[in-house]
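Number of protein chains: 2
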Amino acid sequence: MNIAIIGGGAAGMTAASRVKALRPDWNVMVLEKTNFVSHAPCGIPFYVSGIVEYFEELCTYDVAHFRSERGIDVHTNARVIEVGDGYLVAEENGRERKYEWDKLLFATGSRAKRLNVKYEELEGVLCVNDITNAEKVKKWALKAENVVIIGSGYIGVEMAEAMTRLGKKVTVVEMAERPLPEYDAEIAAVLKTEMEKFVNLRLGERVVAFEGKDKVEKVITNKAEYRCDMAIVAVGVHPNTEIARNFVELGKSGAIKTNSRMETSRENVYAAGDCAESINVVTGKSDWIPLAAPANKMGYVAGVNMAGYELHYPGSLKSQITSFYGLEIGKAGLSEHEAIREGYEVVSAFVTTKSNARYFINGLVHLKAVADRSGKLLGIQAVGKGVAMRIYAASALLYRGANVRDLFFTDFPYYPPVSRVWDPLVVAARNLFRKLGIP
Amino acid sequence: MNIAIIGGGAAGMTAASRVKALRPDWNVMVLEKTNFVSHAPCGIPFYVSGIVEYFEELCTYDVAHFRSERGIDVHTNARVIEVGDGYLVAEENGRERKYEWDKLLFATGSRAKRLNVKYEELEGVLCVNDITNAEKVKKWALKAENVVIIGSGYIGVEMAEAMTRLGKKVTVVEMAERPLPEYDAEIAAVLKTEMEKFVNLRLGERVVAFEGKDKVEKVITNKAEYRCDMAIVAVGVHPNTEIARNFVELGKSGAIKTNSRMETSRENVYAAGDCAESINVVTGKSDWIPLAAPANKMGYVAGVNMAGYELHYPGSLKSQITSFYGLEIGKAGLSEHEAIREGYEVVSAFVTTKSNARYFINGLVHLKAVADRSGKLLGIQAVGKGVAMRIYAASALLYRGANVRDLFFTDFPYYPPVSRVWDPLVVAARNLFRKLGIP
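Just so you know, the sequences run in chain order A and B. Take the first sequence: its position 37, counting from 1, is numbered 37 in our numbering, and each next residue is one higher. Take the second sequence: its position 222, counting from 1, is numbered 222 in our numbering, and each next residue is one higher.
Hints are not guaranteed to be accurate.
Result set (DSSO-like, lysine-lysine): computed pairs, CA atoms no more than 30 Å apart in a straight line [said to hold, decoys possible]:
no., chain 1, residue 1, chain 2, residue 2
1, A, K354, B, K385
2, A, K138, B, K354
3, B, K252, B, K285
4, A, K113, A, K215
5, A, K376, B, K285
6, B, K376, A, K376
7, B, K223, B, K213
8, B, K138, A, K354
9, A, K215, A, K143
10, A, K113, A, K252
11, A, K385, B, K385
12, A, K385, B, K354
13, A, K138, A, K113
14, B, K143, B, K218
15, A, K285, B, K376
16, B, K218, B, K169
17, B, K215, B, K138
18, B, K138, B, K113
19, B, K354, A, K354
20, A, K143, A, K223
21, B, K435, B, K376
Okay, the calculated beta carbon distance ranges per label pair [claimed, not checked]:
no., chain 1, residue 1, chain 2, residue 2, range
22, A, K139, B, A176, 54 to 64 Å
23, B, K139, A, T352, 30 to 40 Å
24, A, S68, B, R373, 33 to 43 Å
In case anyone wonders, no lab produced these hints; they're calculated from the structure. For every residue, glycine included, the Cβ atom is placed at its ideal position computed from N, Cα and C.
The following block holds chain A by itself, in its conformation from the complex (with noise of 0.2 Å):
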């Protein structure tokens, strides 16, 4: 059998080496455009503040493991421009090649959004998730004096943290009226005031331009213009479709449709990764959810069925968290704006607690529980102290469908240096109770 990977992120290298483990004797090819393999693009703030020493330690492995460790044959810098019904066409090293399969994954992942405003593609004007632009984001930074940053989702947030970390003045505007605006806005409150300290944070702008002669030189908004040089366009991200589009069909995102084996809709062909749509845990519907550990679990299921066995992927919880300056920020489901607009009648519980024993030195923690009017668990947000495993235990309630009462009798350990006899969560389902009738 000959099974083709459309992509060398972190989907397509756990999808072959699944295969690769449960069938030893099939051959697998990886297609993989860049030079690098398994990239972890995540990093790449991290890498750019110069606590990732390496741009090597951003791929977990590189090439030559995946070739004699796993028996995977990698190829890199291999553009797939074409694909057909067993076979597809690659473009390496400036020579197309052509290739049959028997079984095809797309593990194409996902690409930065862009503005599409005048004069984005001047010098200096750079996006983040790309691991082949690490360096350069690196090179510009260093050298950089104002850096303007557009877009406070978790890229923009991380980045205007490294960038301010590194000395420079850091400008970040966002559209909405609110940092990270998937979260509700009690819980970016807290994120906005701890941004100010840092950045200049621009709320409710628009960019509309940029200038500049080499390079850039002018970020223009909707009300102002700030000098910089450098932007950082950290809008957000779109699916790699390209070459599946016309082959397989796509959902509403826009990213590929699969079922919960991962299988597109053409018969033996898979999608997974962040090209690929999946189901959410929480509305039960399909979603675009183009994160790290869902798109390498997306790859084990595909892998595992690609080699002819049966897992079902059941979906994931958009579950995040990030930090700024030592504030984490965490969520795991829907915030009640999102709930809303999904169509469910919402109760919620906002609650500012200390995150350990009254009697420690330590920080608030401000968190969030929705609701639905039948006691289902929507989602939890947090900000503060002490949010990671607040929205650890959120993720493993809401992907197990818990209710409120389950939020308020989950045995959560107590250590006074760590957290509460009456956790914030259970305090949180308390409120809820209050608001369902429950006693």
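Please build the complex by placing chain B on the supplied structure of chain A, with the hints as guidance.
The following block gives chain B in isolation, referenced to the frame of chain A:
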């Protein structure tokens, strides 16, 4: 209605508050034998080491708060000496008084086990779990030079750190072959190595007697003897059931039998907290789980039901975390040896990985997951870094009856400084897949 509550600790005060919140017109009386209410003995080691400065901080709220803010009729220094149908007799300030009740709650807590060996009554042989002697323990600790701690459960481990932080020479004597014997050997081994850096850890030794003239001078074991100026007996607790035992049925553990409404065998009589049995959520059987967070929730449930509403306590998981000089240790559900003792046919996975992304400096986490042959999760233990968040998540999964697929597919948030794209929990699940024949 007259509500009488015996015991003003976590369970008692929570129940009292709940009844008053739901039935402001009812009389709610709490009889507490000490001078303190809502005392939190979990904090004693931190009070002894000086991290918690004032003894009063160990009580969440004071008596005045419960009286004036919550309208609860709190009697301190009130020892109940007799209970009969509809009445009880208490000794208050040297006088016996009789009270009538329509509903009664036993929230009498637990007390430290004694070794029952020779000269245990010597001055300087102290227990730690009782709020009334916290100041005494501290006073002795400050002047002692050599301290012997008997037992290496949670209290023993925490007191070992507290005492060495105070500069004492500490010997820990443990009957079992490892510290924290509830944990499996792989986990305990990591703690053992760490403890041996700070204390003289004597495993497999049984204390047979104390010696001394006016005060303790020596601890004698079956193998050796240790000079000391102070000995701490931390070998577990007993439920306090002296008054209850002739009035309501006790369970196998010796604690008071309850149903999920915290009702005892006698109508209108409830029990909650360390004196009561409840359900072990993993085994589904009655168990005795004397821990602070479950005690509070049992008190809450008892209060709701005593107030005439209905709420069921589903039980707990014995979830716990502690730490020893920064080494975190935690557990939810059963260890492998506990699961075997319960009759399960088990599979287990023990993994050692970094706690966060490989390119960040941080410690290792050692994690063990135990499941039965059907794949049902039975317990998770961990030691090292990032333990709290994994045990929080494990608690949520175990509480919701998760299996190994759930452990694998739960969408844990990935943020490089804090977690891993393949979380140790997920890696452990993958190991279990192999043993259970899941591809």
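Tested hints:
no., hint, result
1, K354(A) with K385(B), "holds (22 Å)"
2, K138(A) with K354(B), "holds (26 Å)"
3, K252(B) with K285(B), "holds (11 Å)"
4, K113(A) with K215(A), "holds (20 Å)"
5, K376(A) with K285(B), "holds (27 Å)"
6, K376(B) with K376(A), "holds (23 Å)"
7, K223(B) with K213(B), "holds (22 Å)"
8, K138(B) with K354(A), "holds (26 Å)"
9, K215(A) with K143(A), "holds (13 Å)"
10, K113(A) with K252(A), "holds (17 Å)"
11, K385(A) with K385(B), "holds (16 Å)"
12, K385(A) with K354(B), "holds (22 Å)"
13, K138(A) with K113(A), "holds (20 Å)"
14, K143(B) with K218(B), "holds (16 Å)"
15, K285(A) with K376(B), "holds (27 Å)"
16, K218(B) with K169(B), "holds (14 Å)"
17, K215(B) with K138(B), "holds (16 Å)"
18, K138(B) with K113(B), "holds (20 Å)"
19, K354(B) with K354(A), "holds (28 Å)"
20, K143(A) with K223(A), "holds (28 Å)"
21, K435(B) with K376(B), "holds (13 Å)"
22, K139(A) with A176(B): 54 to 64 Å, "holds (58 Å)"
23, K139(B) with T352(A): 30 to 40 Å, "holds (37 Å)"
24, S68(A) with R373(B): 33 to 43 Å, "holds (37 Å)"
In terms of the numbered hints stated before, the structure departs from none.
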